[in-house]
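Listed below are the residues making up each chain.
Protein chains: 2
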Amino acid sequence: MEEEIERLPILRVGEQGRSEVEDTVVRELPLTIILNERELVTLLCSPTKLEYLTAGYLWSEGLIERKDEIREMKLDREKGVVRVETARAMNVPFKPLLASGGGRGIAPLSARKVSAGLQIKISASRVFFLMEGFREYSRVFEATGGVHSAALYEADNLIIFSEDIGRHNAIDKVLGECLLRDIPTADDHIMITSGRVSSEILLRVARRNIPLLISKSAPTNLGVRLASDLGVTLIGFARGKRMNVYAHGWRVVD
Amino acid sequence: MEEEIERLPILRVGEQGRSEVEDTVVRELPLTIILNERELVTLLCSPTKLEYLTAGYLWSEGLIERKDEIREMKLDREKGVVRVETARAMNVPFKPLLASGGGRGIAPLSARKVSAGLQIKISASRVFFLMEGFREYSRVFEATGGVHSAALYEADNLIIFSEDIGRHNAIDKVLGECLLRDIPTADDHIMITSGRVSSEILLRVARRNIPLLISKSAPTNLGVRLASDLGVTLIGFARGKRMNVYAHGWRVVD
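Top to bottom, those sequences are chains A and B. Residues in the first sequence are numbered from 3 upward in steps of one, following my numbering. Residues in the second sequence are numbered from 3 upward in steps of one, following my numbering.
Treat each hint with caution, since some may be false.
Repeated chains share a single entry, so a pair holds when one copy, or any two copies, can fit it.
To be verified - Here are the simulated SDA-like cross-link-like pairs (lysine to any residue), alpha carbons at most 25 Å apart as the crow flies:
hint : residue 1 : residue 2
1    : 243       : 144
2    : 243       : 190
3    : 243       : 253
4    : 76        : 40
5    : 243       : 143
6    : 123       : 90
7    : 76        : 38
8    : 123       : 50
9    : 123       : 23
10   : 243       : 11
Simulated from the structure, these hints should not be mistaken for lab results.
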């Protein structure tokens, strides 16, 4: 956790006056991904799990599909640079996530219906139980109020947990870890996120064939529409003993 | 406000059981910016102030500096496409926000110290007062829990207010409106945001020469360092009658 935060002196001001105190803020690292000798993007991220973030980002952007397409990955943590060589020569300098064809389509061609989890059900009390555990894991947020968390569960077991100052990065770290560590997802897997569910988040989860997505926050209308189209059960505002089910509520049982 | 939200049926689940209710979610629009006949990026945004968002995004990415560099801007709201022609031929396909030179530098070359606001002071009670007003303006958030807000104040007067599902977009809408409507910023101008203050947010505000940035949320360590280096008073966690001052606290008086 130490590498994720920085302590610094601040001025705290309230009705009772002001005081100099030591406070904790979250660290932010600019990580530049160089793909096949070309500068692809600079991600602003938390300085942990950088290889997983890189792999997850490349996968989310559709630049790689499988682990063995990565020939080499060299991270220079000091410089904040990661160099990746892929098997396919990638000439695309930057591929927007959505919307070729003039921005009309909301789902890219690669979006396909979740084929897993057709049998899986989840009870409301289990959702509440999982969210309680998820909250307990979110240590950096508690300390700084500045990060998002994402976690992958297999049934009741936490498999992967990530934190990042960016909500996409937190998810990409989980997905990149799945990729690099050959962790399969499907069937009874559940993704939990602290962040809002917009279309890209939903697309990432559906592409990984994860049938259940639970968020502490709100979804957007496109997030809901894609969840509905792609067969993902989408739960939002899962806080305390309440939640909203936005799509495929048949998986949520008493 | 109607265009920013969508009503849909959801399943609300609590300890007292479940009920079908109508809920409100925030709308998300994929907006593709085509700059000089080249697809630049697709922003996922709230469907308001799209011209301001476009101008603000181009300015934030360093692709334009002044309004008169935009020769033409044509928005096709139906298709979610905005076509922009600029005076300078822009051959850069995509310019990462930070970090050329291998990702080492945290501030791009264009970052310069805020030259305004050397006299301006703000009292704690005025910060609390401004935040109360800011909260009242944030209507969509109240309805959906799904958007960020950003506002520009000149002394006690609200000049511009924007909301968006993305915290960068909310700021870019404000900055784009400044650009397109020739609204100067400096001296006694204050930017308020609901979102976290990472390095890009700080750089945008400093580049506009705004000496005071107040956030409801947390800053990152780079946000704090840049505020300190660039002469911006950075206030975070401004909630109720409390706040933290992370940089240039000399502007905050009793």
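Status of the hints after comparison with the structure:
Both within a single protomer and between protomers do residue 243 and residue 144 lie at most 25 Å apart by alpha-carbon distance, with minima of 20 Å and 21 Å respectively. For the identical chains of this complex, residue 243 and residue 190 are intra-copy neighbours only, at 22 Å inside a copy versus 45 Å across copies, given an alpha-carbon limit of 25 Å. Only within a single protomer do residue 243 and residue 253 lie at most 25 Å apart by alpha-carbon distance; the minimum there is 18 Å, versus 44 Å between protomers. For the identical chains of this complex, residue 76 and residue 40 are intra-copy neighbours only, at 14 Å inside a copy versus 32 Å across copies, given an alpha-carbon limit of 25 Å.
Both within a single protomer and between protomers do residue 243 and residue 143 lie at most 25 Å apart by alpha-carbon distance, with minima of 21 Å and 22 Å respectively. Taking the shortest alpha-carbon separations for residue 123 and residue 90, neither the intra-copy value of 39 Å nor the inter-copy value of 57 Å comes in at or below 25 Å. In this assembly of identical chains, the alpha carbons of residue 76 and residue 38 lie at most 25 Å apart only when taken from the same copy (12 Å versus 36 Å across copies). For the identical chains of this complex, residue 123 and residue 50 are neighbours neither inside a copy (33 Å) nor across copies (39 Å), given an alpha-carbon limit of 25 Å.
When the C-alpha separation of residue 123 and residue 23 is checked against a cutoff of 25 Å, the pair qualifies only between copies, where the shortest distance is 22 Å, while the shortest distance within a copy is 49 Å. Taking CA atoms no more than 25 Å apart as the test, residue 243 paired with residue 11 passes between copies only; the shortest distance there is 20 Å, against 38 Å inside one copy.
When the structure is compared with the earlier hints, violations turn up for hints 6, 8 and for no others.
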